[in-house]
Amino acid sequence: MSDVLANDLITPDAGVSPLLSQSDVSILKAAPIARLSFRAREAALANAGTAFGVPLPTQPLSSEIGAKRAALWMGPDEWTLLAPEEDLETLFETIETALGDQPHALVDISERSEAIIVSGEKAVWLLNTGIFVDFSIEEFPVGTVSRTIFHKSPVMIWRTGADTFVVEAWVSFMDYVSGLLVQSAQELTAA
Amino acid sequence: MKRYSFLELAKNAFSAHQNWGRQWRSPEPKAEYDVVIVGAGGHGLATAYYLAKEHGVRNVAVIEKGWLGGGNTGRNTTIVRSNYLWEESAALYNHAIGLWHGLSQELNYNVMYSARGVMMLAHTVHDIQVAQRHIHANRLAGVQNEWLTPEKAKEYCPPLNISKNIRYPVMGAALQRVGGTARHDAVAWGYARGADDMGVDIIQNCAVTGIRRGQDGAVEGVETSKGFIKAKKIGVVAAGHTSTVMDMAGVRMPLESFPLQALVSEPVKPAFPCVVMSNTIHAYISQSDKGELVIGAGTDQFISYSQTGGIHISNHTIDAICELFPQFRRMRMLRNWGGIVDVTPDRSPILSKTPVQGLYVNCGWGTGGFKATPGSGHVFAHTIAKDEPHRINAPFTIDRFRTGRLIDEAAAAAVAH
Amino acid sequence: MLLVYCPYCGVSRPETEFSCRGEAHIARPADPAQTSDEDWVNFLYMRSNTKGVYVERWRHIHGCGRFFNAVRNTVSDDFLKFYKAGEPMPDLEELAKEAGK
Amino acid sequence: MSQPFRTEKGGRIDRSEQFTFTFDGEEMQGHKGDTLASALLANGIHLVGRSFKYHRPRGIVTAGSEEPNALVGIYRNGDQTPNLRATQVELYQGLEAISQNRFPSLGFDVGAVNDRLSMFFPAGFYYKTFMWPKSFWDKVYEPVIRAAAGLGKPPKNPDHDSYGNLYAHCDVLVAGSGPAGLSAALAAAESGAKVILCDEQSEFGGSLLTEANASIDGMAPSDWVAETIARLGAMDNVTLLPRTTAFGYFAHNYIALAERVTEHLASPDPKLPRERLWQVRAKEVVIASGAIERPMVFPENDRPGILLAEAGRTYLNRYGVKVGHKVVVATACDTAWQAAFDLDDHGVEIAAIIEMREVPPESLVAIAKARGIRVEAGCVITGTLGRKRIKSALLGRLMTSGQVASGGQVECDALLMSGGWTPTVSLYSQSRGKVVWDADSGAYVPGKSVQKERSVGGAKGLYGLQATLEDGYAAGEEAAKAAIGTSKKVTYAAASGGEAGEGGTLGALPHDRNASKVKAFVDYQNDVTAKDVKLAVREGMQSIEHIKRYTTTGMATDQGRLSNMNALQIASGALERPVTDVGLTTFRLPYTPTTFGLFAGVARGDFFDPVRKTPSHDWVVDNGGVFEDVGQWKRTWYFPKSGEDMHAAVARECKTVRESVGLFDASTLGKIEVVGPDAAEFLERMYTNPWKKLAPGRCRYGLLLNDAGFITDDGVIGRLADDRFHVTTTTGGAPSVFATMEDYLQTEWPDLDVWITSTTEQYAVAAVQGPKAREVIAPFIEGIDLSNEAFPHMSVKEATFCGVPCRLFRISFTGELGFEINVPRRHGKMMWETLAKEIEKHDGTSYGTETMHVLRAEKGYIIVGQDTDGTVTPQDAGMTWAIGKKKHDFVGKRGLERPDLVSENRKQFVGLLTKDPKVKLEEGAQITTAENPATGTPAEGHVTSSYFSPALDRTIALAVVKNGHALDGKTLYVPMPDRSISVEVTGPVFYDKEGARINV
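Protein chains in written order, with the working numbering: chain Y, 977 to 1167; chain U, 1218 to 1634; chain D, 143 to 243; chain X, 2 to 1001.
These aren't lab readings, by the way, just hints derived from the structure by calculation. Accuracy of the hints is not assured; some may be wrong.
DSS-like cross-link-like pairs, simulated, lysine-lysine; straight-line CA separation at most 30 Å [stated by the list, open to error]:
| # | chain 1 | residue 1 | chain 2 | residue 2 |
| --- | --- | --- | --- | --- |
| 1 | X | LYS284 | X | LYS449 |
| 2 | U | LYS1282 | U | LYS1270 |
| 3 | D | LYS226 | X | LYS389 |
| 4 | D | LYS226 | X | LYS453 |
| 5 | X | LYS642 | U | LYS1381 |
| 6 | X | LYS33 | X | LYS284 |
| 7 | U | LYS1507 | X | LYS135 |
| 8 | X | LYS482 | D | LYS239 |
| 9 | U | LYS1449 | U | LYS1247 |
| 10 | X | LYS642 | X | LYS449 |
| 11 | U | LYS1371 | Y | LYS1128 |
| 12 | X | LYS140 | U | LYS1228 |
| 13 | U | LYS1381 | X | LYS921 |
| 14 | U | LYS1247 | U | LYS1603 |
| 15 | Y | LYS1005 | Y | LYS1098 |
| 16 | U | LYS1507 | X | LYS520 |
| 17 | X | LYS392 | U | LYS1228 |
| 18 | D | LYS223 | X | LYS453 |
| 19 | X | LYS453 | D | LYS193 |
| 20 | Y | LYS1005 | Y | LYS1128 |
| 21 | U | LYS1282 | X | LYS435 |
| 22 | D | LYS223 | X | LYS284 |
| 23 | D | LYS239 | D | LYS226 |
| 24 | U | LYS1381 | X | LYS157 |
| 25 | Y | LYS1128 | D | LYS239 |
| 26 | X | LYS435 | D | LYS223 |
| 27 | X | LYS453 | X | LYS284 |
| 28 | D | LYS226 | Y | LYS1098 |
| 29 | X | LYS272 | Y | LYS1098 |
| 30 | X | LYS135 | U | LYS1369 |
| 31 | X | LYS614 | X | LYS642 |
| 32 | U | LYS1371 | X | LYS140 |
| 33 | U | LYS1507 | U | LYS1486 |
| 34 | U | LYS1282 | U | LYS1603 |
| 35 | Y | LYS1098 | X | LYS284 |
| 36 | U | LYS1371 | X | LYS154 |
| 37 | X | LYS370 | X | LYS392 |
| 38 | U | LYS1486 | X | LYS140 |
Please work from the sequences and hints to get the whole structure.
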């Protein structure tokens, strides 16, 4: 399901060659996407979900996905809404209109971060070179999304498949994050 | 007390060292003392020593929950320097430096004060501004401190990496040549021996469980695990445990006690000639007489009395050390330990009378109390003996937090731009 | 590295995902203008710094961003309870007793 | 013959593979599977090092990580590692080792003179002397002491190797793979738990690899190990980590492991890390660290050739090496007898078994008798002879009186000793458990579990193969049960042989020698003798911590694992108090010395800390810009044209901005979007300024204090809509301002309907400043009438830049007409390049932070963190205008009313002009009223900013000065080392005081 999503919404950036391409793990830069930060109290959730196209998940660390849409739980009053970048403006308007006077905050954060797709049977191993989260499938099932720390950089991890993760970082941290991942993967090719 | 000397050592050698006397006694507490000092760390023992030596107050007990010198005195990285920013601080720490210089002779105990120089690195334009401000302020205050270019810094400390290609290149350094290191245990032992010789009772393995106050609110003595001990004056010098002890007298303190870690490497032949500190990348390092690299790490983010800390703190310290001294990457950590440091909001100590008559407190030294030991004890003894602060510690009151007259040593490290 | 439970995320994570913000339940006086210097310094700086069971504020700064409170034994560093911001302070003696069992 | 001490057969070494290595330059041979120690012993070499203080010749004592003597330096590929234990260094082809702490050579060491003079160097001698003359300490004594101390030579060159890191979680971590560890791992793994099994040695099996005289399920112990490891290895839920030391046990069951990845390889693939740090969060831990044998403290117990009995057995059975041809076994416990028997099996002559106990077990005596081995019961060793290798041992017969009678001399070339066993409680102790004294075994054993761990087998003082296996199985099941809720009973293996031994001794042994002359070592490496411990007690040291620190016993690189129990017993005797009253020093991490590089990991070079770059970065690099580090950001400092130094570049940049136009990258400034119906109310409470009446489309400078009343940050805030503000912060302050806002919002005012979102990286920001700024941006901006009337100073509006949506601010930090364009970050590069090209047409310039600083200083604008330092109030800064007078409260308002913040004599923000316009003050320089103040004169203030101002063609400075606002026109002094500079106090605004240039 979520693997489908990765192909649907999070797609490799066509113009960019893979950052890492090994038999057991690869890192691809994801294409730009619209990201909206949505903050509100509970009362506004239903309307927001309807306007967005998928309900906003209330289960911590979970995500809801629909056609070209994903809503990621970031906190008890915070969601990141993902959509194709061409939908940004209409989506913004639609949600604002739907909520009317209901208190909320909708902020465009599309460009704040970049995403890479880390996948392959060694993806978990590679992420664990810098992230202390337990990525066993029981503890971190497909669809789980969480902010955390990668070495010295804040990141967001979203598991879209058993061996596929979307890793987001603020743009100025991405060189650090992807650079270290690529470096750490080198030993996998050692004799 | 038999004085120590080469001759004495030789003499004892021929009697197979069978005749050395005790360095201090282990007395049972008397019913009453003129002054009770709570805490037999360096500061507490120095206070007792100077009470006896300079103020003739010899009926003094130093009460220690564990063993003397077993707290931060025996757990710190032994750095001595006085190049603090504010006049008040510089005066206090420089007072200590003055005493450090003759301390071995004063105590007839070699505390191995080694003026190897303390170099504080600057990695950014802002660091340079801060360092220069310190140097100028220190010069006016009569405190030695000088600016070094990266090349000069490397000359002074050859292992230093001054390549422009590291993440935070060294842009220069402030050097205090009179700064250095001393042997921490010897400081506690030297003061203990000196104080004991003048009649001070050092009572170890004796926990203070209460502070008794009379009708008028003034202190009457301390409850301890060895019974009640009467005293009209109580000096609390309990470092990380100050809040706990002061709470017994009903005084709330502006303190938080954090775990502070330090570590040493395995000993190697001389590899490091001075002390280097870097506030920006959080590291400080020196080499002990024994050959161990002595490295100070940071504090954990939460208060704790566990005397342990997280590995991430060591990781961050060692990565900084290895960045500045990449040849030490193959050195190995021999021992890692933690102390409990009591930190005030302005990162300056409190050496003060308290709202309670007869109760005095010496605390809040944070991560840097060792260097002040002689000066701290000296002015605190004055404060207790005269019931008024010495000129030097007069600004270091508790009340400054109410009035806002802080001595903010952390402030100058404020972020820029 | 302590293991901290976030009552909002429902997971335990290492402490570096969090920021510890000191003693809890020290509220900013409701009307600062009417607050004495003594009470203001109590709010600003005076802390229990308890050796033993202590209540402190944590923020899941690299997670959901929420502030919450934790009861911790500052001698063992064991957490006794986590609860959301705004909830009342639990009975510390009771918690200490339970933990001692 | 090569390797004269190699057995004919046996051992786990691969005899088909021979390696050549060098020790102190001498070539020797060993086999695959050897350690450096076993290979040296095979070559008959015992003397491998010199002791710390007396430089006594020392040999290999152990076969494990607790080795105190055999510390060597290893060289490879230009990298040098000091102090490695030869007992842990795995042999590879070409290994290059050198001995340490000797000059000029191991055989002849001038430092050994210390040994002759040792009577002058008792414990703590340096505290008692080297004090006269005073000046000699720094110049003479200390350098000599330092040169004599230390062990190996420090590495000289930057390390070539890399280090890895891995975080892991498991249900059960088993540390140690002897019988207890293996069975625990097996039971836990078969129960379904996720298991990590680690062992510091190259092979799993621990003592089972040494055990030749037992069987498990009918197999040789080593075969059982192989089978068990194969079973574990086939399970998905098991991770096997050989060469991996569990070195740190932290709070909340967080365990650090050090895996040595390449150290044993002759030519490792450079892609591999040398070592890897594993940080494991384990639900349950099984500590199976075993026990180590205790040396006996008898005179001259430190000669090369004297080893622990079990080490002798390990070298024999595991490595196929005989420690000697004629061996004395000295013991106080049963287990060492087996060493004698095993050696005897390999044809080594056992000169005697010297048994301290009057009546050793009959069964052992019978075996010895059958083998024809001489047994001396009720005897101890009272001394040894032989300088660089033991030649003979002196015997002493224990008398009922407690005296010792001479028992003659036994020739030997090696002596194996055993004082009994000490459980390895390091990890347990690190877990903050308190050990308890077990009088029966004379050892400290783990007490109550504090964390989720259990010690098994030897680590808790339980011995005997069958018992240990059973203990391990039970612990493995129990740990699995605790971790995952279920466990499966596994079939226990049945062992025969390997029985637990009785006996043991603690402390110094009695002897008939002159106590004041002989040395019986307690701590080998640090040269601490029984005499030293007694001396410390005599001098009043009562706590074991004092004794340890005074004598340095237990402070060597084995952290007292070998020496602590003997030292404790000696101290206990001297103090005439039971051992339990003397205390025990705490075992601290690391369990064994651990490489710095392992802790530092990948954090080196650009990965030491993230390098944060703005979208203009590449352009700046291409155009020769110079960067400065501001926090993690790289900001452009200045743009030198060819031949320009910083001063010239900045002067040109400043001039150009004032005369035409400049382009500045402001992307790093923090940006926070404050949205919600209560947005204005929230800002009203946070900032000093009033916000409610600010109209959408307008901006205001905001000043942020802490509740103590001091300035902490500032920035321009634009109102985009009734419920939406765009807040900017300083670069360095961005995270803390955001955190502070969240703090107040969530915990003090949770009722407010407002949310904050960081947009720092959402936008790239270009500041276009200067008289021609409007002309520069006009061609690209659509949707805004840029005229002064329609879009005046302090306006904000959404528009497009080259068709890209943007937020345009009309603001100025230079005092010139200025705009700041915020575009979505991805378009930042395009924006920068477009504007850079455009400003060229107007003879403009790009400028960096230095010019920004000069221009703002000319206008008297503060920089928080430079002109303020956390002690400055708005009044001090001359910014009372920024305080909303009618506001009942804001963060900091109450703090500002505190006595000292309203007192006289506060330092206030002013301008300074040097009397000589060419003289530039130094930033940080102190200000006094006296021209030549006496040392110790309090300063009136200090220079916070100082520049050459091209606009004024002179220097200018900003400062904080006591009562400065009242000193306008007065003369003050800035005393410097070589002269005193006189300055005139002015207002802080130097340029365009009426502010006309902004409003054009």
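Structure-based check of all given hints:
1. X:LYS284 with X:LYS449: Given pair LYS284 of chain X, LYS449 of chain X holds - Cα atoms ~17 Å apart, limit 30 Å.
2. U:LYS1282 with U:LYS1270: This hinted pair holds, its Cα atoms lying about 25 Å apart.
3. D:LYS226 with X:LYS389: violated, 69 Å
4. D:LYS226 with X:LYS453: Holds, at roughly 27 Å.
5. X:LYS642 with U:LYS1381: holds, 21 Å
6. X:LYS33 with X:LYS284: Since the Cα atoms of LYS33 of chain X and LYS284 of chain X sit roughly 37 Å apart, the hinted pair is violated (cutoff 30 Å).
7. U:LYS1507 with X:LYS135: Satisfied, since the Cα-Cα distance of roughly 21 Å is no more than 30 Å.
8. X:LYS482 with D:LYS239: With Cα atoms ~26 Å apart, LYS482 of chain X and LYS239 of chain D stay inside 30 Å; holds.
9. U:LYS1449 with U:LYS1247: holds, 14 Å
10. X:LYS642 with X:LYS449: violated, 71 Å
11. U:LYS1371 with Y:LYS1128: Distance ~29 Å between LYS1371 of chain U and LYS1128 of chain Y Cα, so the pair holds.
12. X:LYS140 with U:LYS1228: OK: LYS140 of chain X and LYS1228 of chain U at ~26 Å, within 30 Å.
13. U:LYS1381 with X:LYS921: Measuring from Cα to Cα gives roughly 28 Å; hence the hint holds.
14. U:LYS1247 with U:LYS1603: holds, 23 Å
15. Y:LYS1005 with Y:LYS1098: This hinted pair holds, its Cα atoms lying about 17 Å apart.
16. U:LYS1507 with X:LYS520: holds, 22 Å
17. X:LYS392 with U:LYS1228: violated, 34 Å
18. D:LYS223 with X:LYS453: holds, 18 Å
19. X:LYS453 with D:LYS193: holds, 23 Å
20. Y:LYS1005 with Y:LYS1128: holds, 20 Å
21. U:LYS1282 with X:LYS435: holds, 18 Å
22. D:LYS223 with X:LYS284: The hint holds at about 19 Å.
23. D:LYS239 with D:LYS226: Given that 30 Å is the threshold and the Cα spacing comes to 22 Å, the pair holds.
24. U:LYS1381 with X:LYS157: Roughly 20 Å between the alpha carbons, so the hint for LYS1381 of chain U and LYS157 of chain X holds.
25. Y:LYS1128 with D:LYS239: violated, 39 Å
26. X:LYS435 with D:LYS223: holds, 25 Å
27. X:LYS453 with X:LYS284: holds, 7 Å
28. D:LYS226 with Y:LYS1098: violated, 37 Å
29. X:LYS272 with Y:LYS1098: holds, 16 Å
30. X:LYS135 with U:LYS1369: holds, 28 Å
31. X:LYS614 with X:LYS642: Between LYS614 of chain X and LYS642 of chain X the Cα gap is close to 22 Å, so the pair holds against 30 Å.
32. U:LYS1371 with X:LYS140: With Cα atoms ~21 Å apart, LYS1371 of chain U and LYS140 of chain X stay inside 30 Å; holds.
33. U:LYS1507 with U:LYS1486: holds, 9 Å
34. U:LYS1282 with U:LYS1603: With a Cα-Cα distance of about 27 Å, the restraint between LYS1282 of chain U and LYS1603 of chain U holds, given a limit of 30 Å.
35. Y:LYS1098 with X:LYS284: Status holds; Cα separation ~24 Å.
36. U:LYS1371 with X:LYS154: holds, 20 Å
37. X:LYS370 with X:LYS392: Status holds; Cα separation ~25 Å.
38. U:LYS1486 with X:LYS140: Within the cut-off at roughly 18 Å; holds.
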